[in-house]
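Quick mapping for you: the protein sequence lines, in order, are chains A and B.
Take the first sequence: its position 199, counting from 1, is numbered 199 in my numbering, and each next residue is one higher.
Take the second sequence: its position 80, counting from 1, is numbered 80 in my numbering, and each next residue is one higher.
No lab work stands behind these hints: they were computed from the structure.
Even glycine gets a Cβ: it sits at the ideal position worked out from N, Cα and C.
Accuracy of the hints is not assured; some may be wrong.
Claimed, not checked - Simulated DEER-style distance windows between Cβ atoms:
id, chain 1, residue 1, chain 2, residue 2, range
1, A, A20, B, A63, 56 to 62 Å
2, B, Y115, A, T50, 54 to 60 Å
3, B, A50, A, T135, 56 to 62 Å
4, A, P29, B, V75, 50 to 56 Å
5, B, W15, A, A20, 54 to 60 Å
6, B, T67, A, M60, 56 to 62 Å
7, A, Y235, B, T85, 24 to 30 Å
8, B, I71, A, Q238, 47 to 53 Å
9, A, E32, B, S39, 55 to 61 Å
10, A, M242, B, P106, 29 to 35 Å
11, B, Y41, A, D164, 31 to 37 Å
12, B, M96, A, T146, 16 to 22 Å
13, B, H73, A, E19, 53 to 59 Å
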Amino acid sequence: MSTRNLELEVMRYDPEKDEAPYFQKYTVPCPEEWVILDALNYVRDELDTTLAFRWSCHMMVCGSCGMMVNGEPSLTCKTFIRDLPDKVRIEPLENFPIERDLIVVFDDVIQKLHKVQPYIMRKDAPPEDKEFTQTPAQLMKFKQLTMCINCMCCYAACPQYGLDNNFIGPAALALAHRYNLDNRDQGKSERLDILADYDGVWECSFVGACSEVCPKHVDPAAALQQMKVDGAVEYWKQKLGMTGEKK
Amino acid sequence: MSRRPYVRPISKTTWFMRNGRYKIYVLRELTSFLVAFYSFYTICALAILASGSVEKWDSFITAQQCTGWAIFHAVALLYFLFFQTFPWFKLAPKAMPVQVGDKKLPDSYIIVGHYVAWIFISVFILWLAGAL
Ligand code: SF4
Ligand code: SF4
Ligand code: FES
Numbered sequence: 001m002s003t004r005n006l007e008l009e010v011m012r013y014d015p016e017k018d019e020a021p022y023f024q025k026y027t028v029p030c031p032e033e034w035v036i037l038d039a040l041n042y043v044r045d046e047l048d049t050t051l052a053f054r055w056s057c058h059m060m061v062c063g064s065c066g067m068m069v070n071g072e073p074s075l076t077c078k079t080f081i082r083d084l085p086d087k088v089r090i091e092p093l094e095n096f097p098i099e100r101d102l103i104v105v106f107d108d109v110i111q112k113l114h115k116v117q118p119y120i121m122r123k124d125a126p127p128e129d130k131e132f133t134q135t136p137a138q139l140m141k142f143k144q145l146t147m148c149i150n151c152m153c154c155y156a157a158c159p160q161y162g163l164d165n166n167f168i169g170p171a172a173l174a175l176a177h178r179y180n181l182d183n184r185d186q187g188k189s190e191r192l193d194i195l196a197d198y199d200g201v202w203e204c205s206f207v208g209a210c211s212e213v214c215p216k217h218v219d220p221a222a223a224l225q226q227m228k229v230d231g232a233v234e235y236w237k238q239k240l241g242m243t244g245e246k247k
Numbered sequence: 001m002s003r004r005p006y007v008r009p010i011s012k013t014t015w016f017m018r019n020g021r022y023k024i025y026v027l028r029e030l031t032s033f034l035v036a037f038y039s040f041y042t043i044c045a046l047a048i049l050a051s052g053s054v055e056k057w058d059s060f061i062t063a064q065q066c067t068g069w070a071i072f073h074a075v076a077l078l079y080f081l082f083f084q085t086f087p088w089f090k091l092a093p094k095a096m097p098v099q100v101g102d103k104k105l106p107d108s109y110i111i112v113g114h115y116v117a118w119i120f121i122s123v124f125i126l127w128l129a130g131a132l
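Required output: the full structure, derived from the provided sequences and hints.
In structure tokens, the structure reads:
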């Protein structure tokens, strides 16, 4: 098995000691089939036990290992050493405050995820003694959007969020859109109202960076564009005194 | 153990230099200057028309026929094509996905549809303007 020495440049920050983050270098002998997360675990196990970072599943499911790898927001359990040059720079996800080393503070987006009311809302009572039905075609409308694992790579890529974090941002808006498209839901107009008085969809300039970095192909940029269309339609419906609910 | 999250500063003026994706984005946003210019240009043309003077209109038209202007319009056209038209049509299937039954209509159908409509409308406008 061939190994290669990888020079890792890792951003470090200890809130109790450091004024500002700095880079620390580690040389890691990596088998070619390793991912960046393996290299970081090697550093922590063999070289420096103080290095802090998050991970859990090592299989693109938990969404906790997102970091900047050579400037690109990436899931480190999905980023193979063999695809990278000999020098790799690892930083905590951009656009978020650093808690410690490679760990960032997600409080802001967690609160935004709540804000968009990501659950089925009904105006009328649910069917009695029956479940809501949904055909495969109805599910297809939003299935891709359910793939999000909240890794927040999209927020790290979004220039709009970086400049102004009042913007709700890609994953939360994609989540809102997922419920708007669900045939069992009747809360679309309420959700669109929230988005209208917040820095909602219109802040997005369709750079598409979020979709390019999304490891689960959720395509938040597409969801945002569709919401712009929905938002405009809803606006005119309300203007013209028609209500915009799904029947 | 005290918390003291560190916020990395982002330059308000040079943030887009961080990566290629942002640079292209900013280049695309620059088309707004051309949009502003062409709006102004159209308003001027309308004002000259509204003044009712045939000489003024004729001299405005002749002034447009120099090489400098032709090059400017050609460059502007290319800039728009590469930073607006092509990317926009490429993204159109994202903004308006079409689902037939439980299958998505292939992106290429929507993209080709946009190009066909674009050519059709352009030819129609040229015909209206008497250029064809
Ligand atoms: S949309 Fe994609 S990049 Fe954004 S949080 Fe979800 S999985 Fe991660
Ligand atoms: S498409 Fe919108 S949400 Fe996505 S990165 Fe760009 S500005 Fe941000
Ligand atoms: S460790 Fe769970 S997504 Fe990477």
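- Are there hints from earlier that the structure breaks, and if so, what are their numbers? 5
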